[in-house]
Amino acid sequence: LAKTTQPISMDSYEGQEVNITCSHNNIATNDYITWYQQFPSQGPRFIIQGYKTKVTNEVASLFIPADRKSSTLSLPRVSLSDTAVYYCLGRLKYGGSQGNLIFGKGTKLSVKP
Amino acid sequence: DTEVTQTPKHLVMGMTNKKSLKCEQHMGHRAMYWYKQKAKKPPELMFVYSYEKLSINESVPSRFSPECPNSSLLNLHLHALQPEDSALYLCASSQETRAREQFFGPGTRLTVL
Numbered sequence: 008l009a010k011t012t013q014p015i016s017m018d019s020y021e022g023q024e025v026n027i028t029c030s031h032n033n034i035a036t037n038d039y040i041t042w043y044q045q046f047p048s049q050g051p052r053f054i055i056q057g058y059k060t061k062v063t064n065e066v067a068s069l070f071i072p073a074d075r076k077s078s079t080l081s082l083p084r085v086s087l088s089d090t091a092v093y094y095c096l097g098r099l100k101y102g103g104s105q106g107n108l109i110f111g112k113g114t115k116l117s118v119k120p
Numbered sequence: 020d021t022e023v024t025q026t027p028k029h030l031v032m033g034m035t036n037k038k039s040l041k042c043e044q045h046m047g048h049r050a051m052y053w054y055k056q057k058a059k060k061p062p063e064l065m066f067v068y069s070y071e072k073l074s075i076n077e078s079v080p081s082r083f084s085p086e087c088p089n090s091s092l093l094n095l096h097l098h099a100l101q102p103e104d105s106a107l108y109l110c111a112s113s114q115e116t117r118a119r120e121q122f123f124g125p126g127t128r129l130t131v132l
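Those protein sequences? They're chains A and B, same order as listed.
Convert by adding 7 to the 1-based position in the first sequence; the result is the number in the numbering used here.
Convert by adding 19 to the 1-based position in the second sequence; the result is the number in the numbering used here.
Isolated chain A, as found in the complex (with noise of 0.2 angstroms):
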């Protein structure tokens, strides 16, 4: 299975752009890159997906190199608010028509004032 490695913690102030980056060496050519937000006591929430190269959405910008092993969420200008545990996952877990998500252990941002 495809396993994402990203930081466990991160601190930001409020204004500043903040990128996380997941490592996911052995992502398979078929694989996409998503990307969850979970603030605490809540569900998590869907930000963004990639395949290759950028995307970019209202909340966030995706960035994946071409060799697809590593990619980096960027937040702009975080607030206090955007402080959440923040998910990158790889492949499905079963793949084909069975997938389903595989939640790494999370970068935790926090945002000060």
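Derived by calculation from the structure, the hints in this document are not laboratory data.
Accuracy of the hints is not assured; some may be wrong.
What the hints assert, rightly or not - In silico lysine-lysine, DSBU-like type, Cα no more than 30 angstroms apart, as pairs:
#1 K59(B) x K115(A)
#2 K38(B) x K72(B)
#3 K76(A) x K60(B)
#4 K60(B) x K115(A)
#5 K10(A) x K72(B)
#6 K28(B) x K41(B)
Stated by the list, open to error - Examples of chain A residues toward chain B, derived with CB under 7 angstroms:
#7 Y39
#8 T41
#9 Q49
#10 G50
#11 F53
#12 Q56
#13 G57
#14 P83
#15 N107
#16 F110
Backbone N, C-alpha and C fix where the C-beta goes; we use that ideal spot for every residue, glycine too.
Position chain B relative to chain A; hints supplied.
Okay, now just chain B, sitting in the frame of chain A:
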């Protein structure tokens, strides 16, 4: 309606009790999931339902019994639980099991005494 709702929000039960957790979605999703999340850990998959049929059971003890009465509802019946089963139980849904974007409910915080 893009919400997954879960009831109750909190549940305290003894080891001899029988209780049920409920989950509902009205997004027309055909895949539904139960996850278990312990404090400061990532969510762990328990069950996957696809088109109202159980497709994956992640070797969950029989004291947890899932049920999918229709395409919008998912239940988790609990019986003879142990204190170590105390956790946040999350329900999620997606268009199909291959979809990486899952919609999570807020969870039920379960305490087993």
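Now the hints, each set against the structure:
Proximity of K59(B) to K115(A) is assessed by CA-CA distance (about 10 angstroms); at most 30 angstroms being required, the pair is judged to hold. Restraint check: the Cα-Cα separation between K38(B) and K72(B) comes to about 22 angstroms, which is no more than 30 angstroms; the hinted pair holds. Restraint check for K76(A) and K60(B): the C-alpha separation of about 24 angstroms stays at or below 30 angstroms, so the hint holds. With a C-alpha separation of about 11 angstroms, the suggested pairing of K60(B) with K115(A) holds against the 30 angstroms cut-off.
Between K10(A) and K72(B), the direct Cα distance comes to roughly 29 angstroms. Compliance with the 30 angstroms bound is thereby established for this hinted pair. Between K28(B) and K41(B) the alpha-carbon distance is near 10 angstroms, which keeps this suggested pair within the 30 angstroms criterion. For the restraint placing Y39(A) at the interface with chain B, the shortest Cβ-Cβ distance is roughly 6 angstroms, inside the 7 angstroms limit, so the hint holds. For the restraint placing T41(A) at the interface with chain B, the shortest Cβ-Cβ distance is roughly 5 angstroms, inside the 7 angstroms limit, so the hint holds.
The interface hint given for Q49(A) is met, as the beta carbon of that residue sits about 6 angstroms from the closest beta carbon of chain B, less than 7 angstroms. For G50(A), the suggested interface contact is upheld, since its CB lies about 3 angstroms from the closest CB of chain B, less than 7 angstroms. For the restraint placing F53(A) at the interface with chain B, the shortest Cβ-Cβ distance is roughly 4 angstroms, inside the 7 angstroms limit, so the hint holds. Satisfaction of the interface hint for Q56(A) is found here, the shortest Cβ-Cβ separation to chain B being roughly 6 angstroms, below the 7 angstroms cut-off.
For the restraint placing G57(A) at the interface with chain B, the shortest Cβ-Cβ distance is roughly 11 angstroms, beyond the 7 angstroms limit, so the hint is violated. Interface restraint check for P83(A): the shortest CB-CB distance to chain B comes to about 22 angstroms, outside 7 angstroms, so the restraint is violated. Checking N107(A) against chain B by beta carbon gives a least distance of about 6 angstroms; that is within 7 angstroms, so the hint holds. Interface restraint check: F110(A) against chain B, minimum CB-CB distance 4 angstroms, threshold 7 angstroms, status holds.
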